[in-house]
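Chains as they are written, first to last, in this note's numbering: chain V, 1 to 638; chain S, 1001 to 1538.
Calculated directly from the structure, the hints in this document are not laboratory data.
Careful: at least some of the hints might be erroneous.
So the derived label-pair ranges between C-beta atoms look like this [said to hold, decoys possible]:
1. V:Arg479 x S:Ala1012: 53 to 63 angstroms
2. V:Pro474 x S:Pro1022: 50 to 60 angstroms
3. S:Ala1158 x V:Pro474: 49 to 59 angstroms
4. S:Arg1217 x V:Leu519: 22 to 32 angstroms
5. V:Val275 x S:Asp1015: 55 to 65 angstroms
6. V:Leu242 x S:Leu1023: 41 to 51 angstroms
7. S:Arg1413 x V:Glu285: 40 to 50 angstroms
8. S:Met1180 x V:Leu68: 26 to 36 angstroms
Just so you know, even glycine gets a beta-carbon here, dropped at the ideal spot from N, CA and C.
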Amino acid sequence: MLHLDFVEQVKLLDRFNNKTTTGTLYLTATHLIFVESNVPGAHEIWILHHHIASVEKLSLTTSGCPLLIQCRNFRVVHFVVPRERDCHDVYSSLLRLLRPVSYDELYAFSYNPKQNEQQREVGWQLIDLTAEFERLGLPCDQWQLSDVNRDYKVCETYPRDLYVPITASKPIIVGSSKFRSKGRFPVLTYFYQEKKAAVCRCSQPLSGFSARCLEDEHMLQAISKANHNSRFVYVMDTRPKLNALANRAAGKGYENEDNYSNIRFQFVGIENIHVMRASLQKLLEVVGTRSLSVNDYLLGLESSGWLRHIKAIVDAAIFLTKAVTVEGASVLVHCSDGWDRTAQVCALGALLMDPYYRTLKGFMVLIEKEWISFGHKFADRCDQLDGDPREVSPVFTQFLDCVWQLMEQFPQAFEFSEWFLIQLHEHVHSCQFGNFLGNSQRQREELQLKDRTYSLWAHLLSEQHNYLNPVYSPSFAERHPVLEPSTQPWNFKFWRNMYHQFDRTMHPRQSILKHTLTLKESNSKLEDTAHTLQAKLQTLGVSTSPLELHSWSREHRLPPRPQSLILGAPLSRKEAQQEEEVLGEEALEDAPDGNGGERTVEGSSATENGYGELQSSFSSKNEPAMVSLEFGVARMTC
Amino acid sequence: MTMEFSEHIKTANVDDVVLKLPLRPALKGTLCVTAHHLVFSERKEEGSYQLLLLLRSVDAIEKSVENLLGYPQYPSAGPGQRMTGLSGSSGTIVIKCKDLRILQFDIPGMEECLNVASSIEALSSLESVTELYPFFHRPRELSLSEPWGLSSPQQQYAQTERLWDRWRLSKVNRNFSVCMSYPRTVIVPCAIDDITLAKAASFRQGGRFPVLCYYHRSNGMVIMRSSQPMTGANRKRCREDELLLQAAIDESEMGYIIDTRSAQQAQQARMAGGGFESKAFYHHWRRLHRHLERGKVLQESLIKLVEACGDPSQNMDRWLSKLENSKWLSHVHSALSTAGLVAECVERDGHSVLVHGFEGTDTTLLVTSLAQLILDPASRTFRGFLQLLEREWVQAGHPFRQRCAHSAHSHARLRQECPAFLLLLDATWQLGRQFPLALEFSEVLLLRLAQDAYASDYGTFLCSSEQERCALQVKENTHCLFQFLLRREEREKYVNPLYEATDLAIWPSVHPQSLQLWTGGQNMPKPWTRLEKRSGLL
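Chain V with its partners taken away, still in its complex shape:
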């Protein structure tokens, strides 16, 4: 099917400096691979076809035909292929490969991590939402499990199991669902046991300018009555008021406080998917600029609006959290369809309220519940199949960004590190595991994902030591069960490690995360050595007191390090140094004036940082060019 397997002598250009690497480009059924040539321990880049958002052929240059590839995980690679024909072949093959039209073409259906059926099944059972609702103390005297959606009859984008107030009868539910966009009627999603307050979610009511629905009004009353702590229930419309008003003309809209006897209605003002898509695009444009000045960066950050949107989501989650934990009121959250902004706000609110969600497993449960089961349209939003580009939007990315902002404010509160969030983002787009495929639970069942694909959760849990936050403190959670983040704007920052994950020059620094991993790795090696030595002593008949070592260290060897610039550079400084020393020696033999001797810390180097354009030789006579750095007044020195 493919015209070619590999192209040689391809140049890879760094997008932030003039560095180029030459290597071979391979095209496989699932990946595009670039391997640096003629270097021991060569640098490799593996790009999953699903990660590729766009491929662009730029106009021909003297050195070849440039190919610009932008990925959904924010990797941008710029190749120059020597021959135009080869470039075109790669280009057209990629175009075919990166636009799958049916689910069967996705990587998840061919990916095989060498597990048997039983392991696969166990993997899918690791995250269990029934157990989660049990943990929340449900069902209870006010809330029950309803079987109304057992066959996805009432709402096809909801899960089968739904928790509703005990006083909400089937006719009320069905009536309410008919009055709600896409049938997404109010259901419980989180229960704050301490105050018996519930967080519920739904879609907008089909109220138009004046329509009413008694069942829906009953439904909200039932939610209110289920909570004895408060006489009313907050209704949070997460949209800007203007958007909600505009929706009325289309027969949709928002709750009229006059018709619902016991609600407090509140707009929150999070923008829609189209605004968010444009915002991220603008942000990436700004931070992708070469030689960006600090001022242009800050202005660009402002004009992209990205951090404003992030703050709006966090603000909404704080509002939700305060209503529930301080006032003890139940809250109903919705937006238009109740699967984007609603998911963001409910999930972030739960994260603030409940320390369990700040653990590694708890966070998986949270995503499984608020995002996967309640039908966030991952397939559409992440562009898994060749679909409507107007449906694509970084809604989930924004949620992860919000979580990262909280991590920055509360470094001890989360069991997992930012690396875990980045991995999640990676796999939401990779289509390598079944979890995020499709748009709803129903669709996932139809695709028989549990039989045909593997679960990401099992994969992530199997290497969880890579994702742990070294400064996590469970006692912090005891002291701060509810997080109260600051909403001062300076606490919202640009997440460099996410949006520049693959930009080498942005990461010339040591990483605390990597350092702890190194320590752990060397620790386990030392333990191994200790075991070996002890065994040797025993064979020699020397009896020693047994060392107190963790027995797991032998069986559970640490799997290979993840490929990342944040984590994947030489693990330890010594390693880096040794490598450099070896390189330096070789360079000395081969070319005495080579630059192999440049000593740096973990890949940081003066050349890449571009402090100035120094020429290494003084012999050149063109002094003005050297000095003409500002205002073109260099000539004065002559």
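Position chain S relative to chain V; hints supplied.
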């Protein structure tokens, strides 16, 4: 002496004062004004809170009082303070500190309030150095006979054996007659005698002739610093100055002059008698211009930044635009990238470097000290960093007294204030963020130094030069901050637990995305209390 102070104190004690700190419940207690401190003690049986504030650290004070009839008066302009007096007259004092903390005291009694406020105003702005607290601070565990300071040019020279064949110690400035702002001893090329030095000094602004500040062991290259040459409009030259620079490098070598002004500024400086090293007379030196802001521009940048942090709207776009408008991060960027350039010249290209701007007492020191942090592992240790600051800032004559007279809140007219030292601490913090294992000290030390540079119990940052310190006998009559910080029990508070020495250079990334606003202490994992949350930079 104490008599003079007591003149300023009309009301020494006030009871039932309410102290309000951001993000903390209000506290009730007694406020007491002493010659150098404001003391607040909470009225509680156990575990009561005490606040000891050095009056010198007060940057601005805003007061408002309410009289018996309840008509508010505003003797001093202060934006919207809330009236808290319930009965009788009362007043409110808002104290904005040089370390950017903001405290509010609600004081019962209008007269008491006005008295306290005027005492604070008078005592926080004492003119004479010897009246300042360091001259009275006598902790039991320290003795004045202990050594003052950590290092000297003599020690630096003695410890660097490889300097000896080309560089010598000169005592040409033993009476501070050649250069008022230099220490008595400096390191200069062997080939240049003291007479030549004195002549070269007369050609440099303030007599700050080129001296060695760093020797790079791996290739023998050096970093020197000076002030601008006084070439003037008619391109005067000075053979001795040319000789001095020539003697610093081999005949076959080339050196770089990093001028911290733009080429245009350097050109214009000639009209005021200053200038730059002309290529025609300094054959082996190549000049590069890197414009760093200084003086008033920097001070205003800090003021704008602090104001942006205090913006109550919590609006993201407004914040980003104000942050951009303050230009503070641009200054951090320029400082780091210029230092990177110097380090690159020395380490990668193997050339010696001379750094100067105008006076050579601000941005010059910023660049030379940052370049050393990048290059020199010794300066990244706890002691080494303090030594670096002592050498490159205290002894090298950074005019702390003028530069740190006021901070960002002051309403006083700007004179010579400039947060160059703060900018150094900020840039150092950026290095620490990018290389969390490379520095032996933590952010807490940087915060402590920022605080002490503006107001301190110790004498280290008093005065503007060694000459002034000698004249006022600072070393005999105050304790040394650096010595104090190195005491074991103090040191522990400031070390970086992750420190792992590395011999390599640490090249900072200067992409805007790699820089961060230093919000100070909020994000420290260890003392994870958000009590002392401060707005803005510190």
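Structure-based check of all given hints:
1. Distance hint check: the CB atoms of arginine 479 of chain V and alanine 1012 of chain S are about 40 angstroms apart, inconsistent with the given range 53 to 63 angstroms.
2. Between proline 474 of chain V and proline 1022 of chain S, the C-beta spacing of about 29 angstroms breaks the proposed range 50 to 60 angstroms.
3. For alanine 1158 of chain S and proline 474 of chain V, the hinted distance range of 49 to 59 angstroms is satisfied, since their beta carbons lie about 53 angstroms from each other.
4. Our hint of 22 to 32 angstroms for arginine 1217 of chain S and leucine 519 of chain V holds, since their Cβ atoms are close to 30 angstroms apart.
5. The hint said 55 to 65 angstroms for the Cβ distance between valine 275 of chain V and aspartate 1015 of chain S, and at roughly 57 angstroms that hint holds.
6. Distance hint check for leucine 242 of chain V and leucine 1023 of chain S: the Cβ-Cβ separation is about 34 angstroms, which falls outside the suggested range of 41 to 51 angstroms.
7. A C-beta distance of roughly 44 angstroms is found between arginine 1413 of chain S and glutamate 285 of chain V, which places it inside the suggested range of 40 to 50 angstroms.
8. About 60 angstroms separates the C-beta atoms of methionine 1180 of chain S and leucine 68 of chain V, a value inconsistent with the hinted range of 26 to 36 angstroms.
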